[in-house]
Amino acid sequence: MTDARARLTRCFTAVFPQLTDDAVPTAALATVPAWDSIAHVTLLAVVEEEFGTPVDPDEIEHLTSFDALLHAVTRGAAA
Amino acid sequence: MRIPDWRGFCTPSPAVKLVEALEIGRRARAATGEPLPVLLACGFTPLHVATFLGAHLQRRRPTRPVQLFTGLFGDLAGTLETHGTPVEAAVAVVEWSDLDPRLGVRGTGAWGPSALPDVIASVERAAGRLRAALERRAAQAPVALALPTLPLPPLGHTPGGRASAFEDDLDAAIQALGAWAVRHPRIALVRARRLDALSPPGERLDVAAEVRTGFPYRLSHADALAELLAALVAPADPKKGLITDLDDTLWRGMLGEVGSAGVRWELAGAVHMHGAFQQCLAALAESGVLVAIASKNDPGRVDEALRRADLRVPRERIFPVEAGWGPKSAAVTTILHAWNVGAGDVVFVDDSAMELAEVAAAHPGLECVRFPVEDPGAAWALLERLRDLFGRPHLSAEDGLRLASLRERAATPAPAAGTDGFETFLAEVQARLTLDDTPDADDPRALELVNKTNQWTLNGRRFSEAQWRRLLAEPGAFLLRVAYEDRFGPLGTIAVLAGKASPDGLHVAVWVMSCRAFSRRIEHQALRHLFRRFGAAELTLDYERTDRNGPLQEFLAGLPGWRSAPAGTCLRRADLEAACPPLHHAVVATGPAEAGKEGIP
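First to last, the sequence lines map onto chains Z and V. Take the numbering used here: the final residue in the first sequence is number 79, and no numbers are missing along the way. Take the numbering used here: the final residue in the second sequence is number 601, and no numbers are missing along the way.
Chain Z on its own, in the form it takes in the complex (with noise of 0.2 Å):
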């Protein structure tokens, strides 16, 4: 858990530059300005690069928060 957690800071920071590791934990569509459509899927890209799953479509909408995408990921492991 603590290795993903790291693995998707490093994610997030990547795509949103502006963002310091203390507050990816909270970031969320609402939340970070530059959070558009471009970066939604240029993050959903990175993430399933990094974790070698692919995200499922049907959750794409979904994944709009640090927290959501984490859980997705770390069930995809346990999977």
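Keep in mind that a hint or two might mislead.
Stated by the list, open to error - Derived lysine to any residue pairs resembling SDA-like cross-links, with alpha carbons at most 20 Å apart:
1. V/Lys17 - Z/Thr53
2. V/Lys17 - Z/Glu48
3. V/Lys17 - Z/Ala4
4. V/Lys240 - V/Asp168
5. V/Lys17 - Z/Glu50
6. V/Lys17 - Z/Glu49
7. V/Lys452 - V/Arg315
As the list claims (entries may be wrong) - Simulated restraints on C-beta separations:
8. V/Ala270 - Z/Pro54: 44 to 50 Å
9. Z/Ala39 - V/Ala172: 37 to 43 Å
10. V/His337 - Z/Ala39: 52 to 58 Å
11. Z/Arg5 - V/Val207: 56 to 62 Å
12. Z/Ala39 - V/Asp504: 45 to 51 Å
13. V/Pro327 - Z/Ala39: 52 to 58 Å
14. V/Phe73 - Z/Pro54: 53 to 59 Å
As the list claims (entries may be wrong) - Which residues of chain Z face chain V? A few of them, derived with a C-beta cut under 10 Å, are:
15. Arg7
16. Leu29
17. Glu48
18. Glu50
19. His62
20. Leu70
Since the hints were made in silico from the structure, they are not lab data. The structure displayed is predicted, hence computed values, not measured ones. Glycine is no exception: its CB is placed at the ideal position from the N, C-alpha and C atoms.
With chain Z held as given, fit chain V onto it using these hints.
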């Protein structure tokens, strides 16, 4: 570069992950160098192609923050035609859907047999418009171009394994565009065969991403394509020379044990890759690459073996041959001195990891590559690698002169400078200089010389084509190209000076000279010409000391009058004349400011 099976001494660069590419871009935004503006024109959402392209460009030009501009979705030709921000290069990525939307995943037009003639006609029209747009864009900036990389959709009436006239017609339209582009002097086309090796055609298309976001590539394909495009926009400096070992490298077998008739490279007996290596060296040498031998062997036996008629690299193409029993690094030192090039411009090939390590330790910067004796696949990949290291987009007349001039210089060494013999040598060598003031920004030789010269360089500065053109387009800009020949033969264009003459004075921003032209007092003649042409009493040089421009440092040290000034290093004409040794050249001055005056000034 990811070449399968290549196991050289040096490590190929790995593929870039998207997160790494984003981080490279983030770090680059903090850089303070001159921006590198590049237009990325593609019909799809640029997304990860833009990210990877930016990262690969940034790796190649780390001091210049890359600025990527993109155009409108679905309008590749329009982007090329109308994008107005000045850029130093344009990158055009063409896919089938740019030529007809029915050829993309997102298109939903008719696919039936009756529609196919119209698809072909549409593609031909679009290719024509694209060609015109590329032509106009190339007039403004160099263009890197990729033609369709994705598979065609399953339209047509033939089974998928059978070729059809329809697809053949589509391919013909693209091939015609490619045939035009590859011959265009300002368009560089991605080589499809290399892309196939890096990114297998069946693993490129991401249908889900295309449907979802309008981005059709898998990440691995976006990375590979961006890497090749970046290499076209910002190519590495080609290496100048290759030094090869003999035993188990140029040929199979130990010369000292089996004799000259016993070393082998024929097709039979699993020794063919040595013959292929010889063939590669012959091609490199014909292209102007310097080829030398460093071998621990008896010199007489080596000479005998190199006279074998079936050797595939002609003996006269190899210079020098350093055979003996000393360390390889010492032989390499001798060769570098004979060539008068730096270690960073040279590749050393040997089958022995120990020899490679010894040479690498003695010559930092020299690229050491192991010849894979027992692995034909790896040897073949090595030849591909050599093509990359030495490849150049254009060959110049000077490339064909280089080896002959070095041989002549070695065969007839000039007496030491400062001796009476040296003065007599210069007076009798029948040197002839052509000083051409024509401000020709299109001359590729001038920019090539500026960008590859390390020793006689005013400041080591490199220029993109756009930067070069900007420099020469400034009010008062001048360009001086110097060609040299003497009784030993021509050297071609061997020096370039550029700068600006304005009411504030005469300023030299660029001054490079080929190492083959050292010790001929060409530098004095070039400066004297500038003073005379512009009627100047002094000039400033944009001089910066570098790790490698020692020869120019020595030249300035020999001119007692120079001084540092806010505008650069200041040099007075009177001081040059006072320190100027006798000049024996016949001089021909050409260009707009001259009328073909000839004589010995």
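Hint by hint, here is what the structure shows:
The hinted pair formed by lysine 17 of chain V and threonine 53 of chain Z meets the criterion: a straight-line CA distance of about 15 Å does not exceed 20 Å. The suggested pairing of lysine 17 of chain V with glutamate 48 of chain Z holds, with an alpha-carbon distance near 11 Å, which does not exceed 20 Å. For the given pair, lysine 17 of chain V sits about 17 Å from alanine 4 of chain Z by alpha-carbon distance, which is consistent with the 20 Å threshold. Using a Cα cut-off of 20 Å, the hinted pair lysine 240 of chain V and aspartate 168 of chain V is violated, with the two alpha carbons roughly 42 Å apart.
With a C-alpha separation of about 8 Å, the suggested pair lysine 17 of chain V and glutamate 50 of chain Z falls inside the 20 Å cut-off, and the hint holds. Annotation: proposed proximity of lysine 17 of chain V to glutamate 49 of chain Z holds, straight-line Cα distance about 8 Å (limit 20 Å). For the hint linking lysine 452 of chain V to arginine 315 of chain V, the alpha-carbon distance of about 27 Å lies beyond 20 Å, and the restraint is violated. Between alanine 270 of chain V and proline 54 of chain Z the CB atoms are about 45 Å apart, so this pair conforms to the stated range of 44 to 50 Å.
Here the CB-CB span from alanine 39 of chain Z to alanine 172 of chain V is close to 41 Å, well matched to the stated 37 to 43 Å. A beta carbon spacing of about 56 Å between histidine 337 of chain V and alanine 39 of chain Z agrees with the range 52 to 58 Å that was offered as a hint. Look at arginine 5 of chain Z against valine 207 of chain V: about 32 Å separates their beta carbons, and that is not inside 56 to 62 Å. For alanine 39 of chain Z paired with aspartate 504 of chain V, a C-beta distance near 49 Å keeps the hint of 45 to 51 Å intact.
About 57 Å separates the C-beta atoms of proline 327 of chain V and alanine 39 of chain Z, a value consistent with the hinted range of 52 to 58 Å. The hint said 53 to 59 Å for the Cβ distance between phenylalanine 73 of chain V and proline 54 of chain Z, and at roughly 24 Å that hint is violated. The criterion of a C-beta within 10 Å of any C-beta in chain V is met by arginine 7 of chain Z, whose closest approach is roughly 9 Å, and the hint holds. Given hint, leucine 29 of chain Z at the interface with chain V, is violated; its Cβ is 16 Å from that chain's nearest Cβ, farther than 10 Å.
With a cut of 10 Å, the hint placing glutamate 48 of chain Z at the interface with chain V holds, because the nearest CB-to-CB distance is about 8 Å. Among the interface hints, the one on glutamate 50 of chain Z holds; its C-beta lies about 6 Å from the nearest C-beta in chain V, closer than the 10 Å criterion. Using the Cβ-Cβ criterion of 10 Å, the hint placing histidine 62 of chain Z at the interface with chain V is not satisfied: the shortest such distance is roughly 15 Å. Look at leucine 70 of chain Z: its Cβ only gets to about 16 Å from chain V, farther than 10 Å, so that hint breaks.
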